[in-house]
Amino acid sequence: MAELKRTPLYDLHVELGAKMVPFAGYEMPVQYPLGVMKEHLHTREDAGLFDVSHMGQVIVSGSSWEQVATAFERLVPMDVLGLEDRRQRYGFFTNDSGGIEDDLMFARKGDDLFVVVNAACKDADIARMKAALEPEVTVMSVTDRALIAVQGPGAEAAVSALDARAAEMTFMDVADLELGGIAVWASRSGYTGEDGYEISVPAAQAEALTRALLAQDDVEAIGLGARDSLRLEAGLCLYGHDIDSDTNPVEAALTWAIQKVRRAGGDRAGGFPGADVVMAALQDGVTRKRVGLLPEGRAPMREGVVIFDAPEGGNEIGVVTSGGFGPTVGGPVAMGYVATAHSKIGTPLWGEVRGKRLPLSVAKLPFVAANFKR
Amino acid sequence: MKFTEEHEWLREEDGEMVVGITIHAAEQLGDVVFVELPDEGTTVSKDDEVVVIESVKAASDILAPVDGEITEVNSALADNPGMVNEDPQGDAWFFKMKISDPSQMDEFMDEAGYQKFIG
Chain B
1 MAELKRTPLY DLHVELGAKM VPFAGYEMPV QYPLGVMKEH LHTREDAGLF
51 DVSHMGQVIV SGSSWEQVAT AFERLVPMDV LGLEDRRQRY GFFTNDSGGI
101 EDDLMFARKG DDLFVVVNAA CKDADIARMK AALEPEVTVM SVTDRALIAV
151 QGPGAEAAVS ALDARAAEMT FMDVADLELG GIAVWASRSG YTGEDGYEIS
201 VPAAQAEALT RALLAQDDVE AIGLGARDSL RLEAGLCLYG HDIDSDTNPV
251 EAALTWAIQK VRRAGGDRAG GFPGADVVMA ALQDGVTRKR VGLLPEGRAP
301 MREGVVIFDA PEGGNEIGVV TSGGFGPTVG GPVAMGYVAT AHSKIGTPLW
351 GEVRGKRLPL SVAKLPFVAA NFKR
Chain X
1 MKFTEEHEWL REEDGEMVVG ITIHAAEQLG DVVFVELPDE GTTVSKDDEV
51 VVIESVKAAS DILAPVDGEI TEVNSALADN PGMVNEDPQG DAWFFKMKIS
101 DPSQMDEFMD EAGYQKFIG
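Protein chains in written order, with UniProt numbering: chain B, 1 to 374; chain X, 1 to 119.
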């Protein structure tokens, strides 16, 4: 096994008492002494700081925005060209079968495109971008910067205390800020369902910035454990679990991320990998769908729990892809795929846990209302 | 109080054994969110899975430490699983059992031995 990598904040995590675990090739903090439950609740009530430096940061550049955006649209079914300067969007790479190769955030910074991809996929993503887009445009992996997320209702106060301009940003804005004299690239986004920022900072200054943010009132360091339960309550997909190379965006209920201009009848319809499959799925529907699943009892239903349409006998109609305890909900929450015929909100279903079928129902996502600054 | 290598404790009370998990085990599990207890009156063999405990991280099984019969379960845990983190070696006991073979207790550790075992 390859040696685990460390982020620029490794020493600080250890100093803060984090429990470090291997994750996507990195040694990452899964929790701090506060514990997953309190870290989760603290993020929803005040503010949490997450080290997400393991994620891939990539800059795509060329001779003009039109060139960069048009090239990138060959890999994603999103409206890239129409993105206004200093704005960010959610997207995903598709494959020839219409499956999802990774999900990502992309932002326009002048003529450049700044892309953030998942840690486990970043090498493949960069290779995919280089193969498809170079030499027309340049794909540069940014390896000398850390990425820090500050999330929660207290995030604005914490970040704007270091640069007042942070408060002027709204959801999905990006800006260059100076946080306590450190030049950073910030976006007003995240992956917890809360308001907040993701901040790309030069590696050498990452620890100083993190200490300055943790020194703000009510900001606590939060580990990957709480990050997972926060994004699950927010109904957000975890790549490799809720979406993967075999799930298409229509099955994954991510059609909201495919703008009209890339759909049938749009000015730039299709032209991304697997467009024929995705277009057909948009037109004709799909046989399974990603839905929220709310167990009735207290037993968590975790990834892999098989879902049936009857308390005994009946048919296997789905599977849980993410599940656990939702601290803000105060009970178990899950998401997964079910046959479309059983995907209506409120449909009663049963999940098999330790040989017993326990009741659950199809539920609206997110489980906890989003709290973005629109 | 006696301790097992499975991080359980046993305390004798009125001729029965009260069984729970250790402070160390509760810390390792993290926040407990669900406890499934056996039925009272169940006859169990050593190492049978008798309790399911789920934390925010994962599900774990608690094994019967010895042969015997479950005489009582701590039903308060079903409504308030967080007790396992708050008082694992006190109020958050899991079950009481009548043991069939007292010699099975011989291999268990005392407190000092257990502290040494967990290092």
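No lab work stands behind these hints, which were simulated from the structure alone. From the three backbone atoms N, C-alpha and C, an ideal C-beta is built for every residue, glycine too. You may find that some hints are simply not true.
[To be verified] List time: in silico DSS-like cross-link candidates among lysine-lysine, alpha-carbon distance up to 25 Å:
(1) LYS130/B <-> LYS109/B
(2) LYS2/X <-> LYS96/X
(3) LYS46/X <-> LYS2/X
(4) LYS2/X <-> LYS116/X
(5) LYS19/B <-> LYS5/B
(6) LYS356/B <-> LYS116/X
(7) LYS57/X <-> LYS38/B
(8) LYS57/X <-> LYS19/B
(9) LYS46/X <-> LYS116/X
(10) LYS373/B <-> LYS109/B
(11) LYS109/B <-> LYS5/B
(12) LYS98/X <-> LYS5/B
(13) LYS46/X <-> LYS96/X
(14) LYS356/B <-> LYS344/B
(15) LYS19/B <-> LYS116/X
(16) LYS2/X <-> LYS356/B
(17) LYS57/X <-> LYS98/X
(18) LYS109/B <-> LYS260/B
[To be verified] Simulated DEER-style distance windows between Cβ atoms:
(19) GLY355/B <-> ASP79/X: 22 to 30 Å
(20) ALA24/B <-> GLN104/X: 41 to 49 Å
(21) ALA339/B <-> GLU107/X: 49 to 57 Å
(22) GLY119/X <-> GLY17/B: 37 to 45 Å
(23) GLU49/X <-> ASN95/B: 27 to 35 Å
(24) PHE117/X <-> ARG374/B: 49 to 57 Å
(25) LYS46/X <-> GLY17/B: 52 to 60 Å
(26) GLY330/B <-> GLU49/X: 53 to 61 Å
(27) SER75/X <-> LYS373/B: 39 to 47 Å
(28) GLN104/X <-> PRO359/B: 34 to 42 Å
(29) GLY17/B <-> GLU49/X: 29 to 37 Å
(30) GLU45/B <-> LYS46/X: 43 to 51 Å
(31) ARG87/B <-> GLN115/X: 51 to 59 Å
[Stated by the list, open to error] Part of the chain B face toward chain X, derived, beta carbon under 10 Å:
(32) GLY35
(33) MET37
(34) THR143
(35) THR170
(36) GLY297
(37) ARG298
Now for the hints, and whether the structure bears them out:
Proximity of LYS130/B to LYS109/B is assessed by CA-CA distance (about 20 Å); at most 25 Å being required, the pair is judged to hold. Distance check on the hinted pair: LYS2/X and LYS96/X sit about 14 Å apart at the alpha-carbon level, within 25 Å; holds. Of the pairs offered as hints, the one joining LYS46/X and LYS2/X holds, with about 16 Å between alpha carbons and a cut-off of 25 Å not exceeded. For the suggested pair LYS2/X and LYS116/X, the alpha carbons sit about 14 Å apart, so the restraint of at most 25 Å is met.
Distance restraint check for LYS19/B and LYS5/B: the Cα-Cα separation of roughly 16 Å lies within the 25 Å cut-off, and the hinted pair is therefore satisfied. Note on LYS356/B and LYS116/X: the hinted pairing is violated, with a Cα-Cα distance of about 39 Å set against a maximum of 25 Å. Between the alpha carbons of LYS57/X and LYS38/B the distance comes to roughly 14 Å, so the proposed pair stays at or under 25 Å and holds. Distance hint between LYS57/X and LYS19/B is fulfilled; the C-alpha atoms sit about 13 Å from each other, no more than 25 Å.
A C-alpha spacing of about 24 Å is found between LYS46/X and LYS116/X, which places the hinted pair at or below 25 Å, so the restraint holds. Between the alpha carbons of LYS373/B and LYS109/B the distance comes to roughly 21 Å, so the proposed pair stays at or under 25 Å and holds. The hinted pair formed by LYS109/B and LYS5/B fails the criterion: a straight-line CA distance of about 29 Å is larger than 25 Å. Between LYS98/X and LYS5/B the CA atoms are separated by roughly 52 Å; this puts the pair beyond 25 Å, and the hint is violated.
For the proposed pair LYS46/X and LYS96/X, the alpha carbon gap of about 14 Å is at most 25 Å, so the pair holds. At most 25 Å may separate the alpha-carbon atoms for a hinted pair to count; LYS356/B and LYS344/B meet this at roughly 24 Å. Only pairs whose Cα atoms come within 25 Å are accepted, and LYS19/B paired with LYS116/X is accepted, the gap being roughly 22 Å. For the proposed pair LYS2/X and LYS356/B, the alpha carbon gap of about 34 Å is over 25 Å, so the pair is violated.
Proposed proximity of LYS57/X and LYS98/X is contradicted: the alpha carbons are some 32 Å apart, above 25 Å. Distance restraint check for LYS109/B and LYS260/B: the Cα-Cα separation of roughly 23 Å lies within the 25 Å cut-off, and the hinted pair is therefore satisfied. Checked against the hint of 22 to 30 Å, the pair GLY355/B and ASP79/X passes, with Cβ atoms roughly 24 Å apart. For ALA24/B paired with GLN104/X, a C-beta distance near 45 Å keeps the hint of 41 to 49 Å intact.
A beta carbon spacing of about 51 Å between ALA339/B and GLU107/X agrees with the range 49 to 57 Å that was offered as a hint. One distance hint, 37 to 45 Å for the beta-carbon pair GLY119/X and GLY17/B, is violated here, with the actual separation near 18 Å. Separation of GLU49/X from ASN95/B is about 42 Å and departs from the stated range, judged on CB atoms against 27 to 35 Å. At roughly 55 Å, the beta-carbon separation of PHE117/X and ARG374/B lies within the given 49 to 57 Å, and the hint holds.
The hinted window of 52 to 60 Å between LYS46/X and GLY17/B is violated, with their beta carbons roughly 37 Å apart. Under the hint 53 to 61 Å, the C-beta atoms of GLY330/B and GLU49/X, about 27 Å apart, miss the expected range. One distance hint, 39 to 47 Å for the beta-carbon pair SER75/X and LYS373/B, holds here, with the actual separation near 45 Å. One distance hint, 34 to 42 Å for the beta-carbon pair GLN104/X and PRO359/B, holds here, with the actual separation near 39 Å.
For GLY17/B and GLU49/X, the hinted distance range of 29 to 37 Å is satisfied, since their beta carbons lie about 33 Å from each other. Under the hint 43 to 51 Å, the C-beta atoms of GLU45/B and LYS46/X, about 45 Å apart, fit the expected range. Hint check: ARG87/B to GLN115/X, Cβ distance near 58 Å, so the stated range 51 to 59 Å holds. The interface hint given for GLY35/B is met, as the beta carbon of that residue sits about 6 Å from the closest beta carbon of chain X, less than 10 Å.
Hint status for MET37/B relative to chain X: holds, with the closest Cβ pair at about 4 Å, below 10 Å. Look at THR143/B: its Cβ only gets to about 31 Å from chain X, farther than 10 Å, so that hint breaks. Given the 10 Å rule on beta carbons, the hint for THR170/B is violated: about 33 Å separates it from the nearest Cβ of chain X. With 10 Å as the threshold, the beta carbon of GLY297/B comes within range of chain X, its nearest partner Cβ sitting at about 9 Å, so the hint holds.
The closest approach between the C-beta of ARG298/B and any C-beta of chain X is roughly 5 Å, which is under the 10 Å cut-off, so the hint is satisfied.
Comparing the model with each earlier hint shows violations of hints 6, 11, 12, 16, 17, 22, 23, 25, 26, 34, 35; every other hint is respected.
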